[in-house]
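Enquirer: Residue numbers (my numbering), protein chains in the order written: chain U, 1 to 583; chain P, 1001 to 1583; chain A, 2001 to 2084; chain E, 3001 to 3084.
Each hint should be verified, as a subset may be incorrect.
Here are the simulated BS3-like cross-link-like pairs (lysine-lysine), alpha carbons at most 30 angstroms apart as the crow flies [what the hints assert, rightly or not]:
{"id": "1", "chain 1": "A", "residue 1": "Lys2044", "chain 2": "U", "residue 2": "Lys386"}
{"id": "2", "chain 1": "E", "residue 1": "Lys3076", "chain 2": "P", "residue 2": "Lys1150"}
{"id": "3", "chain 1": "U", "residue 1": "Lys93", "chain 2": "P", "residue 2": "Lys1512"}
{"id": "4", "chain 1": "U", "residue 1": "Lys157", "chain 2": "A", "residue 2": "Lys2058"}
Honestly, the hints are just simulated from the structure, not real lab data. For clarity, every value in this text was computed on a predicted model and none was experimentally measured.
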Amino acid sequence: NANDRLIEMAKNPENYVMPGLDYTADNYSEMDQINTGNVKDLRVAWTFSTGLLNGHEGTPLVVDGVMYVNSSFPNNVYALDLKNPGKIKWQYKPKQDPAARAVACCDLVNRGLAYWPTDDASKTPNLILSNQLDGHVVALNADTGEMYWKVENSDIKVGSTLTVAPYVVKDMVIVGSSGAELGVRGYATAYNVKTGEQVWRRYATGPDAEIGIGDDFNKDNPQYGQKGLGLATWEGDAWKIGGGTNWGWYAYDPSLDLIYYGSGNPSPWNETMRPGDNKWTMTIMARNADDGMLKWGYQKTPHDEWDYAGVNVMMLSDQKIDGKDLKLVTHPDRNGIIYTLNRVNGDLVRADFLDDTVNVWTHVDMKTGIPVRNPEYGTRMDHKGKDICPSAMGYHDQAHDSYDPERGLFYLAINHICMDWEPFMLPYRAGQFFVGATLSMYPGPKGDRANYLGLGQVKAYSAPEGKYKWSVMERFAAWGGTLATKGGVMFYPTLDGYFKARNSDTGELLWKFKMPSGGIGYPMTYEHDGTQYVAVYYGVGGWPGVGLVFDLQDPTAGLGAVGAFRNLQNWTQQGGGLLVFSL
Amino acid sequence: NANDRLIEMAKNPENYVMPGLDYTADNYSEMDQINTGNVKDLRVAWTFSTGLLNGHEGTPLVVDGVMYVNSSFPNNVYALDLKNPGKIKWQYKPKQDPAARAVACCDLVNRGLAYWPTDDASKTPNLILSNQLDGHVVALNADTGEMYWKVENSDIKVGSTLTVAPYVVKDMVIVGSSGAELGVRGYATAYNVKTGEQVWRRYATGPDAEIGIGDDFNKDNPQYGQKGLGLATWEGDAWKIGGGTNWGWYAYDPSLDLIYYGSGNPSPWNETMRPGDNKWTMTIMARNADDGMLKWGYQKTPHDEWDYAGVNVMMLSDQKIDGKDLKLVTHPDRNGIIYTLNRVNGDLVRADFLDDTVNVWTHVDMKTGIPVRNPEYGTRMDHKGKDICPSAMGYHDQAHDSYDPERGLFYLAINHICMDWEPFMLPYRAGQFFVGATLSMYPGPKGDRANYLGLGQVKAYSAPEGKYKWSVMERFAAWGGTLATKGGVMFYPTLDGYFKARNSDTGELLWKFKMPSGGIGYPMTYEHDGTQYVAVYYGVGGWPGVGLVFDLQDPTAGLGAVGAFRNLQNWTQQGGGLLVFSL
Amino acid sequence: AVALAMTAGSALAYDGTNCKAPGNCWEPKPGYPEKVKGSKYDPKHDPKELAKQSESIKEMEARNAKRSAHFKETGKWVYDVSKL
Amino acid sequence: AVALAMTAGSALAYDGTNCKAPGNCWEPKPGYPEKVKGSKYDPKHDPKELAKQSESIKEMEARNAKRSAHFKETGKWVYDVSKL
Ligand SMILES: O=C(O)c1cc(C(=O)O)c2c(n1)C(=O)C(=O)c1cc(C(=O)O)[nH]c1-2
Ligand SMILES: O=C(O)c1cc(C(=O)O)c2c(n1)C(=O)C(=O)c1cc(C(=O)O)[nH]c1-2
Ligand SMILES: [Ca+2]
Ligand SMILES: [Ca+2]
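Just chain U, with the same shape it has in the complex (with noise of 0.2 angstroms):
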């Protein structure tokens, strides 16, 4: 089944077949042609402009030969063969309805594309799926670029939309949802690839049937909650527009038959209009890939108040902690802690800070799980709080980072970035935005407040040690990710348009270049001919450019993502591409 090929040729480093590279989405190559000693050569091989201006997220997927590029909406596919990228082989330029602009919260952004390959008995074609921003999911043929099948997943009417990158396991492509700054309850769906049916949809709030809890979910952390607390933890219906969507990125496990993801915010962010811990969203989901049953969850933020979205990516790894030999997965998380959990039950191994300025928790309590809040930074109607570290943004949203297995560092793009907040009420409308909150942002301590600057940080994690290696700081953050390769080196774009190579070790910067446009995707590596070659999308947007992209003043605009990248347009203006880099 796809698994296996797809495992196969995810191994051989002409390829690059799913976002992280392989199913453990540690984004690590092997490759190391570009390397400590010669990164500072790194050049322009070629470039490709989208002819899309909003924010580029994700990054290429790399087939046989063929680069298959995704873009922001309306979501175009271009399919470019190495041999000569000079010429589109194919291209897909969809017709999308308008007002999905309207209800999209973050910029009209799409994380990337997946690849399924056909197997010899099949009479399915090799499939490019991509998922648009107004709900549909598409099934190209990836040799040609005809529409294969086409679903709809998300109804933008009420709220709907997907910008999260599809993702196939076995012969099914998982999808998930965006919207929970709407009111939409999150799903995640499979599809059989090669009939378009769905296999199964799961709901991350609701009755336990609707979100795949069964009998033996979270037994061996029954501390973390079980059943019923789809619908105890909410008050009334309010489950029912209670979020949870998922966006964010997705790891497998063939051996368990195990997917990982988290599920999003709650809905409204104003907290007092939804009593309980709402569960389960803010979960780390491990669900059974045939049916989409919930092995374990772990909800990180119950009843969050700041939105601290738990969608972040989700790296596995096996490594020796405490003397143990484990099977892990690692996700930093937007409310300012990087957890690493046992992922074949879900014990809970290590909850580090990933800033010492992180204010909201004094701890997690390892043993029941439970972050422990420091109730100064608290929100809540009727009161505005202030110097709230980490922001809505969290210290980490949507970047796919990577992990060294030999050096066994994390690499983190970290946002540095608090915030001031005040709820207030609202009615819930079916395709409204629906969120009850002004924020303000602003650089956290170590950044330059005064000039709003100093808003991210890219550090090296070790998960056995609970320690950073080495963290420097960045302008305005490096949004996209990184890439980590058996060179030595470690890449990853920033916000401002530099795309930046360091020494994996040591975090010394060894080469940079200045893009077209600020980076908010994240970098690959892949082989042609002989030749080891990187490629990152330009294209700055996403939440942290809304200001920029739809020319917005208003510091608290944009969810209040205004203000505190008020000075990004004076860096970078809008672009969306791709450079590809060789010696």
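With chain U fixed as given, assemble chains P, A and E with the ligands onto it according to the hints.
Expert: Positioned in the frame of chain U, the structure of chains P, A and E with the ligands alone reads:
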């Protein structure tokens, strides 16, 4: 005055102070750090996206370590400090009436900026002059980007726009006009840079006084025509809507105090509607700088039947021809002929075909200056002209070419496109398109007509010999123009997105680079901190790009451009920005 | 893994650690209601609005099922369900 | 430079070389009118439309003159002429 200062500044390779590098508009640089031996090692030094997607024409200016970047509608201007081009020094983002978009004939382009250096005596700061599509001319403080003055030059309500680069002569800025596809009667205007005051305004058609024709006009070449023809060669009031805009390039000879430029096509395109030679459209004009009076004028295409708008680049050179040392102006015209005239008095010196496939003319009568027609390829009502070469795009359009004085060669960016042409009647309504012809365009005889490829050429031309030293085909044309350098390397971008370097002597391809998007600007070069840089805009568009830019399908749409360039979208997509290269 | 006993949290401020049951630990902040219904913070949601998402999903799922059924039968994907 | 005599061009087809006067060489193509007015190719232009460009230019020039006059007086550029 500004001439002297600009002339001095232009000699310094650290500056690039005006379109075409200096008043000769030869776009030839004395730098040779980049040369035939090492150009293969050229690499991208840095990049900058303008945040806009319409076609990017022209080239940036560099003055005193600051680069000034123009852009497509709404014509943002950016200043980048070359010490740190990663930060924008200032930006000017005008709010323009979006109605301007609907009256632009050929995508929403802009051909560049002008610079006026202050004199110590004056309180006027250094100025950047910028023309806006909506007809405004703005002067910006070059140090701060603040608006200094802003005048109305063209009224979009009557179809008049501005795409031409302003041109500083003495303490005046010369501004052209666009809109001959909407019946605009063309004019050129000089403004006092210090006060914004109009110094003179001269038209292409109408009464002699308004054209700037006095007693000594064409006194050395009376056979070209002298007085009264701006009315006499039109029927009735047709001269009032008779076109003759000027949206191309200027040159200036300080010793003669003459400004050179070409007036464009008569309006409408349908020739049957406008009996007469339609003077002084399609004319090489030599105007006195101070009062705009015409010293001489030579109409290349009397009674145009094909839209061979005569606005192309004017390159000044001093060469020995037939034993005589002459001051020359050389002009590759849209009508398929490259003209060289004595720029002192307008004597016709050379008139050679740009390609041996030109079929509308048999030859130019060198005594009278009259191009002799092949009646078979004329156009008229109730007749569909076929296989007319050149097409309405000419064998040369808005490209800014270059001239290498050491080699005595002009590097010409040539179109290779022919057409079918069928006129139709239509009434004039101010502010509406007024063309009256349906066009199909396709590759010339040397191209690949089955695949719509081979739409351009690049050639090296010697005026004294009247011959081409070398010539190469291009897939979609080098629409933007060329740069010549003492290093023996000439550069140009192509519509399909390559930036190419060729051996100036042989045309051998020495290097190429795949840009994010097709190029329709022309390259420039400058020195900074001892390093030679070459810069070029990317951003496909212009007339050949309208199909791609506005997503048009009908082959005759876009005034016939869509069909000819139907395949362009398979090579490149939109984008807009700048690439800067160095060794 | 440990079952959590009701521990004595701060009576003054909500810190998330006073659990009614495993995974059910929320308590109102001092001075705020346990239930918002009927309180001054009652969002008074319109049940018709609250029902819209599940209705829309039911309809999309039905249309998708028709499409894939037709696809399995004919090998052709027809998006427009009015043509099925 | 030479003054051009009326040379015998092709009587059958317009080739541009039959000049009435220097710089005035156009002649109708065989079968086409010398003047379009009253012919089947009369564009019948509306003089009101034909006057619009020069009217608009006159107004723009007047506004610009006010702006630069005020600028020379005060050193301040005011674009909005209603404020001058
Ligand atoms: O709750 C949601 O459904 C949802 C969706 C999205 C999205 O789809 O991009 C974002 C968020 N939330 C969000 O909270 C957030 O911080 C965010 C950042 C970005 C981005 O692309 O930069 N998207 C989103
Ligand atoms: O007659 C005019 O006023 C006028 C204006 C313009 C323009 O302003 O860009 C073009 C043309 N004509 C034209 O004939 C033409 O071929 C053309 C090409 C382009 C271009 O930018 O690619 N502009 C124009
Ligand atoms: Ca969210
Ligand atoms: Ca024209």
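Enquirer: Each hint: holds or not?
Expert: Status of the hints after comparison with the structure:
A threshold of 30 angstroms between alpha carbons decides the hint, and for Lys2044(A) with Lys386(U) the separation of about 29 angstroms falls inside it, so the pair holds. Annotation: proposed proximity of Lys3076(E) to Lys1150(P) holds, straight-line Cα distance about 11 angstroms (limit 30 angstroms). The suggested pairing of Lys93(U) with Lys1512(P) holds, with an alpha-carbon distance near 29 angstroms, which does not exceed 30 angstroms. Taking the CA atoms of Lys157(U) and Lys2058(A), the gap is about 14 angstroms. The hint holds against a cut of 30 angstroms.
Of the numbered hints listed earlier, not one is contradicted by the structure.
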